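Read top to bottom, the protein sequences are chains A and B.
Counting from 1, one number per residue, gives the positions in the first sequence under my numbering.
Counting from 1001, one number per residue, gives the positions in the second sequence under my numbering.
It is worth saying that the hints were derived from the structure and are not from the lab.
One or more hints might be untrue.
[Claimed, not checked] Listed next, the stretches of chain B that the computed footprint assigns to chain A, with coverage defined by at least 3 CB atoms under 8 Å from CB atoms of chain A:
no., stretch
1, 1031 to 1038
2, 1352 to 1361
3, 1481 to 1490
[As the list claims (entries may be wrong)] Here are the simulated SDA-like cross-link-like pairs (lysine to any residue), alpha carbons at most 20 Å apart as the crow flies:
no., chain 1, residue 1, chain 2, residue 2
4, A, Lys542, A, Leu359
5, B, Lys1446, A, Gly476
6, B, Lys1197, B, Arg1360
7, B, Lys1197, B, Pro1059
8, B, Lys1446, B, Gly1327
9, B, Lys1446, A, Glu160
Keep in mind it's a predicted model, so treat the numbers as computed, not measured.
Idealized CB from N, CA, C, for every residue including glycine.
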Amino acid sequence: MDLATYVLIALFAPLAGATVQIFLGRRLPRHGDWLCVGVLFVSFVASIPTFNAVWANPAFKLQILSEWLTLGSFGIPLGLQVDGLTGIMLTVVSFIAAFIHLYSVGYMHGDPRYSRYFAYLNFFTFSMLGLVLADNFFLIYVFWELVGLSSYLLIGFWFERPAAANAGKKAFIVNRVGDVGFFVGILLLWTQLGTFRFEEVFKGIAAGQMAGPLLTVTGLCVFLGAVGKSAQFPLHVWLPDAMEGPTPVSALIHAATMVAAGVYMVGRVYPVFTPDAFVVIAYVAGITAFFAGTIALTQFDIKRVIAYSTLSQLGYMMLGLATGGYVAGLFHLVTHAFFKALMFLAAGSVIHALHTQDLREMGGLRAKMPVTFWTMMAGSLALAGVPPFSGFFSKDAIIGATLGFVMAHPQHLLLALFAVGGALLTGLYAFRLMFLAFTGAPRDREKHHHAHESPPVMTVPLVVLAVFAVGAGWGGWFERLVRPPVELPHGPAGAHTLALALSLLAAGLGILLAYWTYVVGKISAGRVADRYRPVYTLLFNKYYVDELYAAGVVRPFLALTRGCAAFDLGVIDGFVNWCGRFTRGVSRVQGWIDFRIVDGAVNLVGNAIRAWGAVLRLVQTGVVQNYILVLLGGVLVILLLKVL
Amino acid sequence: MPMQNVLTWMIFAPVAGAAVVLLLPRGRDELVRWISLLATAVPLALAFWVYANFDRTSPGLQFVEHYAWIPAFNIEYFLGLDGVSAPMFLLTTLIAFLALVASWGIKEGVKGYFCLYLLLEAGMLGVFAALDFFLFFIFWEVSLLPMYFLIGIWGGPEREYAAIKFFLYTLFGSVLILLAMLALYFANEPHTFDMTKLIAANKQYGIAFQLLVFIALYIGFAIKVPVFPFHTWLPDAHVEAPTPISVILAGILLKMGPYGMLRVSWPMLPEALKVYAYPLAIFALINIVYGALVAMAQRDFKTLVAYSSISHMGFVLLGMCAIGPQGLSQAGVNGAILQMFNHGTVTAMLFLLVGVLYDRAHHRVIEDFGGLGVQMPVYAGVATVAFFAALGLPGLSSFISEALVLIGAFPAYRTLTIIAAVGIIITAGYWLWTLQRVFLGPLNPKYATLPEINGRELVTLVPLGALVLFLGVYPMPVLDLIRASADQLIALVGPLP
């Protein structure tokens, strides 16, 4: 088989699984879980030859092109492409997704919609693989939206719970806001350059067919899509709520299939962004990285802490991309995918064992759940950026790129503060979670007593992912495969050494603070919270962004819709009805006029004649004596007149 | 069956069916239904033949039938199909067949209902096939009258108000169309109603004449679409009409409006179009955004679907008006015609779905439902497909047509198109909100006994759903019909001066 066939198998195996599963899943043995897990492993295995091909030759490029929609001169092509970045994404996504599928067999056991769950999960993976492989803007948008659909279905999977139903809806609509921006960006590119294909768009931009403010605006429109999908400020609000979905779904969303899409897309269409656009992106990313970290410090829901850490890390990835760290940003995407999937699955293991998500009800789980503890520890170390764990390499590179950028443009000093400050926060919140959950005395004896390590179907994926969370940063393999598509400015020398020192210092300090606070007890978290009550309240309530949206957007908007409906009924339809009534009124008046005046006149003539006739009839008695009498009278009158 | 008269066979098979139904004795309701089904099955079967034999490379008229009818006034019996009419003509046969299956539940006045129904189908098919303006007008009116009775007799509690409103409103439009038709008739020497001749002579109509006649035609057709502010008859008519009639109304009858514009106004009065294109695009935008806003505020499921129709029909008009220095946009015109087709299938599904729920719960107040996804999973699944099609999800048919319209309109009207694109956020909002209120959340115990969707209902929905999915993945089977004629129309209208 040639490589193209393998690529198509990798892409379509999950779709085939989803299709069979949605129609026949309930009738298959074990409700079809083996099928859905199986197709994912098929997909992973089929992606290996692709990886080998790009490994052997980093400049490797495969294109699978086909016509799809053709209208004379206008056309939308169908095209898939494989290069270094795609090769990695294809393998990593199918790999992580395969283990999340496997883990779900244990986690979702006994769910009434077990078979449906696997169908959705397969479809989610298919959408993401399609997005990774797409070679034009139209197709990437199609898969982009399908990813959105899958997330909607899975976040709201337990739709009987209003919170889950709300979260799914919120995710879809917030993403749609970004998608519209993305779509407008695509329209602008198409209008200016007459093509949807990445390659031709990049060529056109390189040739200067599109430049200046228009290109900046276009780039920012495209970026808006990534703001939605990769949960950057201010469209980040859907991601923390998205943990209403089953925990393996959170793992999938946070690692491989959803939030990764935005970062991947920015990397994929990199030449579209101008330096001005990157400055905006860098600030959005920096704000996301820092402020999400501060929120994570105050949350008690274990999944929520991890969710805010994802936001923060996504900010890092974008920050890297925006400050010239092309490879660094995408590298962090991959290492993060491993350790974040791991952390969510480990958190799921804890939730599975304790039936609570509240950190305040945990504690002392280390001995009870050793596999979960040690794998989660590996994930946390990677997240905090401790060498030699994978996250260290990628995050260090991002901070290096940011410092280089700030040295070259000192007016953007704030970005460096966000980056380094965020690293400190990461160490702090990651180990706050570890210490609260796994060390110390159990805070809920009852729950602790019933806790137990998860079955192998769940722990094996943890171990496998942990291996990668530890080692994915070694060997410089990523730099070998992924090359920036444009010439990047080189930061000043020394930036990287400085970055290394600062990031190690920040991470170490963060972990140390967590240790002092939650293990040694030198610092009381409660006292700090009391001392800075307003700040704490602000953070605990996530800067009130949701409340602001509710008060500033949702409620006024709903009022507007009601106003429009009232206008429609009262004014527009009111006018129509008024026309009806007016016509009836006029016709009534006309009827009166017709009846009384026009017909009245006619009747008057008739009546007058009849009345006249009636009078005359009195004379026409037909009795001869009367006539003679009148005649006699007349003669008498004439005689009288003559005589007088 | 002589195939050179295939269009006549298709149009008059329902008429023959109506005649047979009329002759049947009382009390044979089941027989009436089956004969009616047969009468709609014949055009559907022939539609497959027409689809297979349609020459996709030719922009011209096909399956033409051309006979003298009233020679004294040069009125002809002139039928034919091209890429503009074929998709709607073929879709009419399908929707009419499926809506007839959905009419099985009509229990009162069965004979009258099916007789009128069949006449309605004949009228609609005739509108899409007629190429003589006089004949077109006659079919136009033929489709109007049965609709009046079908709403007014078999409708809901406010049926008389809705029926008379529909009738008078449309009749008002018809009068304007009639005047425009006569103006065009007398503007040609020798006088003619032949549309091909009226189009060929479009260079000789003066600009003032064009501007005036265009307005008259526009109002007549816009009422049918309906375009803001002529739309308020639609929610009333939909809410009161029985389910199958709503399906016909939204699926087919509304399309007669934009079809009339593309068949008559655009090619006969191109200079007027160039003057009016921008204002028309603004009205299209109002339809899209305002329709969505009003839809969001509705509490009645059926009214919501009706307003969503208004919103989606805005895309049709927007695509048709996308004109720039290169002339009408290829993506815009093809997208508009495809959107007519896709809206026909998607809205038909939506009204059928509302009907399924109404038959069981006997009301349509959205807030009152909840959690039906547990109680009626198959129904919820089909509804989810329809809802996502309506909100323009890629992979389902409406996305492609709406995307084509936006792509086509963008170079001509940037700001308007961006606002229209923002409208699709609102669309997503009200569909997902409705989905949530009806299907998600805890099950309302009042509805714990609602039966799942039945086989007959699935028969009406599944073919449409399959079509929506198939055309969403691969739209060329319909676009292939359209594109040659669309190109010809674009050439006829020509570029902006």
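Hint-by-hint comparison with the structure:
{"no.": "1", "hint": "1031 to 1038", "result": "violated (count 0)"}
{"no.": "2", "hint": "1352 to 1361", "result": "violated (count 0)"}
{"no.": "3", "hint": "1481 to 1490", "result": "holds (count 3)"}
{"no.": "4", "hint": "A:Lys542 <-> A:Leu359", "result": "18 Å, holds"}
{"no.": "5", "hint": "B:Lys1446 <-> A:Gly476", "result": "63 Å, violated"}
{"no.": "6", "hint": "B:Lys1197 <-> B:Arg1360", "result": "53 Å, violated"}
{"no.": "7", "hint": "B:Lys1197 <-> B:Pro1059", "result": "16 Å, holds"}
{"no.": "8", "hint": "B:Lys1446 <-> B:Gly1327", "result": "57 Å, violated"}
{"no.": "9", "hint": "B:Lys1446 <-> A:Glu160", "result": "16 Å, holds"}
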